Structure formats: C-alpha cells, structure tokens
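Please model the entire structure based on the sequences and the hints provided.
Now for the letters of each chain:
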Amino acid sequence: MNPRRQSRLIVVIAVGSLIAGAIGLMLYALTDSIDLFYTPSEVIEGKAGQHPQVGQRLRIGGLVVPGTVVRDATSLAVSFDLVDTGPKVTVVYDGILPDLFREGQGIVATGVLVDKTTINAEEVLAKHDEEYMPPELAEKMKGIKHVKPEQGATSL
Amino acid sequence: MWKWLHPYAKTESAYQLCSSLKPWLWGGALLSLAVGTVWGLAFAPADYQQGDSFRIIYIHVPSAILSMGTYVAMAVAALVGIVWQWRTAFMSMIAMAPVGALMTFIALFTGAAWGKPMWGAWWVWDARLTSELILLFLYFGVMALYVAFDDKQQAGKAAGVMALVGVVNVPIIHYSVEWWNTLHQGATISKFDTPSIAPEMLWPLLINLLGFALFIAAVTVVRLQNEILRREIHRPWVQQLAASRLEQKKVEPRHAV
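Chains as they are written, first to last, in the UniProt record's numbering: chain A, 1 to 156; chain B, 1 to 257.
Be aware that one or more of the hints could be misleading.
[Stated by the list, open to error] Listing some non-contacts, in silico: residues in chain A with all C-beta distances to chain B over 12 angstroms:
1. 10
2. 46
3. 57
4. 67
5. 68
6. 128
[Said to hold, decoys possible] Within a straight-line C-alpha distance of at most 25 angstroms, the following computed SDA-like cross-link-like pairs (lysine to any residue) qualify:
7. 157/B with 110/A
8. 22/B with 73/B
9. 140/A with 199/B
10. 116/B with 140/A
Quick caveat, the hints were computed from the structure, so don't treat them as lab data.
Note that the coordinates shown come from a computational prediction; the quantities given were computed from them, not determined experimentally.
No residue lacks a Cβ here, since even glycine has one placed at the ideal position from N, Cα and C.
Written as structure tokens, this is what we have:
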C-alpha cells in the first residue's frame, strides 16, 4: 500500500474509533434514561440506589401474574399484578387493553405511582417475545392453547 | 489479492459490469420476492399468539435487516472512496443511499402498522425504534451532503465521512433490544442461536430476505449506471454509447398503428 493511502487509512480508523468510543461512553452514561421501563422489583427496591417517589410518573414492564386480573363488571376498569423476579406491583387501569393482553403476558404500563406498590395506569401496552410458531406446535411444546385475538376489541 | 477488483475503479468497466449483472439481479429479485411473499402471506401457518397479524414479519424483518445491511455496504464504499480515492466507490455509495432510506422507511412504517394492533401503540420512544429513526436521518444526511456540493468529488468525500461516522449506529440498533429494556422484541433470526421461529415460517422469511437483497442490488446497479453516465457525459465512450443507442432506435422498423 502506498504511504499516502496508508496514512489516510490510519486517520480514518483513528477518527472512527474515537467517535465510536465517545458514543459508547455516552450511551453507557445514559443507560438508565434509555431504558423504556422500570421492572416491578426496581419500583419497589429502587434502581441504582434511587427509589421512585409516590406521585412520580413512570413506566413499568413485567409479566401479568395469572389469577390476579380483576375486571369491573360494569366498566372497563381492570386491575392486575405485574412481576419479574421479585415482588409484585399492582396496576390499576381504566381503558381498553391491547389484543395480546392475557395472563402471563409481558406488559408495559405508563402511569403514576399512587402508593409504594400500586400504579394508576393511563396506557397499557403488550410486549411479545421473539418466538413464532404455529398453534399446534405451541400446544405440543408449551401446552398453550391458541388464543385468537378477539375481533373488534381494539380502540381506534 | 485484490487485483481483480481494480478494473472496476474505471467507470467504463464498472458500467459494463452493471449491465451484465442487471438482468440476473432483477430476475432473481422478482422470483424470490414472488415465492417468498406468496408463501409467507398465504401458505405459512398463523402464529399461536398473534394469529395472521404476524405475517407482516415477511416485509418488516427483511426491510429492517437490509436497512442496516445497505448502510454497512454504503459505509464500506465510502471507506474505499476515501482511502483509495475511487470515484466509482463514491458513486456506488450515493447510488445506495436512497434505496437504504426506502428500506428504513418501510421498516418503520410496517413496524408502526404492526405495533398498533399488537402492542397498542403506533410509536414508542424505545431504544430500537429511536435508533432506527436515527438511521433514516443518517441516510438523509448523506444524501443532503452529497447534493449540497457542486464539485462531486468533494461531495463524495463529505458524504462519505458522514456515512462512516454514522456506522456506529448499526451495532446500536442491533443490540438495542439486549442492552436496554425495550417494548420491541429481541432478535428472532439474527443471532448466534437456533432461530426462535418454526421452520415452516422461517423459510419464506429467508427467501424474502434474499429477494429484498437482490432488489436493493438491482436498483443500486441501475442508479449507479445513471450516476456514471451523468458524471461522464463528456467522455468518448459515453458519447459512443449514446450514439449507438440512437442508431438502434432509427434502424428498428416502426409499425404504423
């Protein structure tokens, strides 16, 4: 390689790795703010030494605990518990749930922390995992019955 | 080792290479897109959780993967252009940019259309969605910088630097779902592990991925030829080419309607 090309290549590589390093450090410093949500144990036990305050707006993401979904008979009000690996947090919500909402499903809810373990949510989003399989296979492998999303259940 | 590549630094041989590749790329793209799309949309089984809605994966995933792939290819072209000062490298870089931007847009758009029924939201500012949006802006930046200069060699250098700097965003997009909590799911196929998708759903996805790649290559090749002709319009070989095309048109007998 001739010396001019070589020096250009070195400059490009040096500048490139400097920029990559700078952006890497920046993202590392911002890790906590880039996370979309708190997990239930972070809400209760705190995250990086900081506890969310009662009255704070936050997002929480966790799995819906089977058997804790309580629906109001006359309105859209619903409450359920979320869990990750530790303690549970109760979510209270009044609105239409996404199609994928079901017991055991990952959920991300935005709302206000009304007391240490309860969140009054104004938005509930469903998170799904990366697994795709036909219903027969899911039944065989996981014992999950295919639940067809109810038609017309979404809001517009 | 790279001796076979050197002739294509010359615009004329690059143009001829494009001409001979073009029919294969278009043919392969149309064939695999037709097979993959029909198989995926009509014959692959429905998903156990998402039902038929999951089928948008056959457009969303190939366009998203290739929005990043095209960016990397563009950055490699920029590197070759800057270090080895090949004019054809900058020309291929700028030929790829709008195609990559289109792929990014398709990925964002199909993602929103998929997110609304499944998640319950068109858009969430999570790490994956935000970094993919930044990728779209990077493409726009490269294109805008190239247009901003009248001297196209200078323009290629400026846009090339932008393309090279932006390449740090590609690993960020890919690992965003692992590094941070996101609403977006983790990787289904682009990981060093068995894909988390049943084989009868995976095959049409892979075929469509190939189809999208060939389509991008085909459009890039056409755009590269145009760019070469535009930049080399005063060269004898371009004028000869134009003259011979004109000649062909005159000789062909026209049937009266």
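Now for the hints, and whether the structure bears them out:
| no. | hint | in the structure |
| --- | --- | --- |
| 1 | 10 | 10 angstroms, violated |
| 2 | 46 | 16 angstroms, holds |
| 3 | 57 | 14 angstroms, holds |
| 4 | 67 | 20 angstroms, holds |
| 5 | 68 | 20 angstroms, holds |
| 6 | 128 | 6 angstroms, violated |
| 7 | 157/B with 110/A | 45 angstroms, violated |
| 8 | 22/B with 73/B | 18 angstroms, holds |
| 9 | 140/A with 199/B | 16 angstroms, holds |
| 10 | 116/B with 140/A | 30 angstroms, violated |
In terms of the numbered hints stated before, the structure departs from hints 1, 6, 7 and 10, listed from lowest to highest.
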